[in-house]
Amino acid sequence: MSGIVLETEGITKHFGDREVLRVDNLSFRQGCIHGIIGPSGSGKSTLLRILNLIEKPSAGRVRFHGQNVSFNNGRLAVQRRMGMVSQKPVMFNTTVFENVFYGLKVRGMRGSAARSRVRSELKTLGLEHLEKQPAQTLSGGEAQRVALARVLVTEPEVLFLDEPTSNLDPRNAAIIEEMVRSVSRHRGVSVVLVTHNIFQARRLTDWLSFLYEGRLIEEGPTEEILSNPRDERTASFVRGDTVY
Amino acid sequence: MMHIIWMSLFVSGLSIALAAGLGIPLGTWLGLASPRRTGWLIQIIYTLMGFPPVLAGLLIYLLLSSQGPFGVLNLLYTPWAMVIAQTVLALPIVTGLTMVALRSKSNEIRDTAISLGASSWQAALTIIKEARMAILGAVVAGLGRLMAEVGAVMMVGGNIEGKTRVMTSAIVLETRRGNFEMAIGLGIVLLTLAFIINYVLYRIQGVGRN
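Chains as they are written, first to last, in our numbering: chain A, 10 to 253; chain B, 7 to 216.
Hints listed in this document are in silico derivations from the structure and should not be mistaken for laboratory results. Worth double-checking, as some hints may not be accurate.
Heads up, simulated BS3-like pairs for lysine-lysine below, C-alpha to C-alpha not over 30 Å straight-line [to be verified]:
no., chain 1, residue 1, chain 2, residue 2
1, A, K132, A, K97
2, A, K141, A, K97
3, B, K111, A, K114
4, A, K97, A, K65
5, B, K111, B, K135
6, A, K114, A, K132
7, B, K135, A, K114
8, A, K65, B, K135
9, A, K141, B, K111
10, B, K111, A, K97
11, B, K135, A, K132
12, A, K141, A, K114
13, A, K65, B, K111
14, A, K114, A, K97
15, A, K114, A, K65
16, B, K135, A, K141
17, B, K135, A, K97
Simulated DEER-style distance windows between Cβ atoms [claimed, not checked]:
no., chain 1, residue 1, chain 2, residue 2, range
18, A, Q142, B, M139, 14 to 20 Å
19, B, R209, A, F80, 43 to 49 Å
20, A, G75, B, P31, 38 to 44 Å
21, B, Q49, A, G12, 52 to 58 Å
22, A, G135, B, L197, 49 to 55 Å
23, A, L85, B, H9, 54 to 60 Å
24, B, R43, A, L85, 22 to 28 Å
25, A, Q96, B, F76, 55 to 61 Å
Ideal Cβ placement from N, Cα and C applies to all residues, glycine included.
Input sequences plus hints: build the corresponding full structure.
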């Protein structure tokens, strides 16, 4: 593991009068799979949207490679070095190929090299035979793999995954997990994985942060958090006592 | 008969083209803008979607009559007056349904596009592209209203034979004269034309969906 890619400072988020998130300092290292766990409604997805610069925080800062990111100016340049796969990805109403091509097209890359990159990524995820298929006719597992290919083809430095396997059968979940492991180890991508699946967190992540009611309760190496949590709320969640 | 069919197609076709040219950009803007800023305009458009054709006809009549502000243009009882009236009727429908089509898809598509590196403009274009079939549906709905419309075109067109008579106004006239066979025949022609136009548009929508 090497340097810090992404970090937050004093992030809060309000929806109306309701404060849904208050997280002070969090940092994400290059090549590390950083899990964010917590029960439903703990602010995990909101935090991910703020980190991915889709949602503007009510207060606080996001830093990318040590530089403050402005949500008004300069957002796009940083955002193009990140990518997100959500729980139920939206497929554009076109072919699988065009879906995966989208991220390159919006970056102005349209030539044969770009097309080769799309085909290579489709092959890596075992999707080459679906290239011409309408993306909206895919099964859940196939759509999730296309969503992952769509992000990976843009060669992101940070990959955000919001419960990416919660709707998948074990085979497709295993393919996604293996791919996530691979891009982290071999491409040096920093992965931020939101999950409430403790087993998946144990299998995949190097570092865990536990969120509860919008607050960061504790964080540390995955094994330490899961085997020896310091806070009772974390322990309750890890034991499976917390209702979610 | 051929002149009546041609006039119906000309008036409704030109009116829906104008309504689409104005309504799709306006509906797109409303669909993508914050509802807090545009709420009042949306309320007006929703109200105008149910605009009574005779009221639209009366307003256009007053504007174009010789005492009205645009009387000098001598448009009353011409096909152009009918086009204006029908454009006024179709515009809120095309605008409102375009707005609804975009709004129903905009959040999830915008988030996906932006998370894939699209700029705000690129994300907006993606939303429009994704909603294109629903936008076409808005145009079809607007055209349906125009082809069936009679109140406004009779008021501002005058139902002049060989000049401003269209199928709906001819049906009214033939019914009043007691020529029910003729009126029913015109009705069948009108329905057949509507079926053909909608079939073509439906096929285009189907191609887009697949």
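Verification of the supplied hints:
1. A:K132 / A:K97: holds (22 Å)
2. A:K141 / A:K97: holds (21 Å)
3. B:K111 / A:K114: holds (21 Å)
4. A:K97 / A:K65: holds (22 Å)
5. B:K111 / B:K135: holds (11 Å)
6. A:K114 / A:K132: Between K114 of chain A and K132 of chain A the Cα gap is close to 19 Å, so the pair holds against 30 Å.
7. B:K135 / A:K114: The hint holds at about 15 Å.
8. A:K65 / B:K135: holds (26 Å)
9. A:K141 / B:K111: Status holds; Cα separation ~24 Å.
10. B:K111 / A:K97: Judged against 30 Å, a Cα distance of about 14 Å means the pair holds.
11. B:K135 / A:K132: Holds, at about 27 Å.
12. A:K141 / A:K114: Status holds; Cα separation ~17 Å.
13. A:K65 / B:K111: OK: K65 of chain A and K111 of chain B at ~21 Å, within 30 Å.
14. A:K114 / A:K97: holds (23 Å)
15. A:K114 / A:K65: Between K114 of chain A and K65 of chain A the Cα gap is close to 25 Å, so the pair holds against 30 Å.
16. B:K135 / A:K141: holds (19 Å)
17. B:K135 / A:K97: holds (21 Å)
18. A:Q142 / B:M139: 14 to 20 Å: Roughly 19 Å apart at Cβ, these two residues keep to the hinted range, so it holds.
19. B:R209 / A:F80: 43 to 49 Å: holds (44 Å)
20. A:G75 / B:P31: 38 to 44 Å: holds (43 Å)
21. B:Q49 / A:G12: 52 to 58 Å: holds (53 Å)
22. A:G135 / B:L197: 49 to 55 Å: holds (52 Å)
23. A:L85 / B:H9: 54 to 60 Å: Because 57 Å falls inside the window, the suggested range holds.
24. B:R43 / A:L85: 22 to 28 Å: Distance hint for R43 of chain B, L85 of chain A holds at roughly 23 Å.
25. A:Q96 / B:F76: 55 to 61 Å: holds (57 Å)
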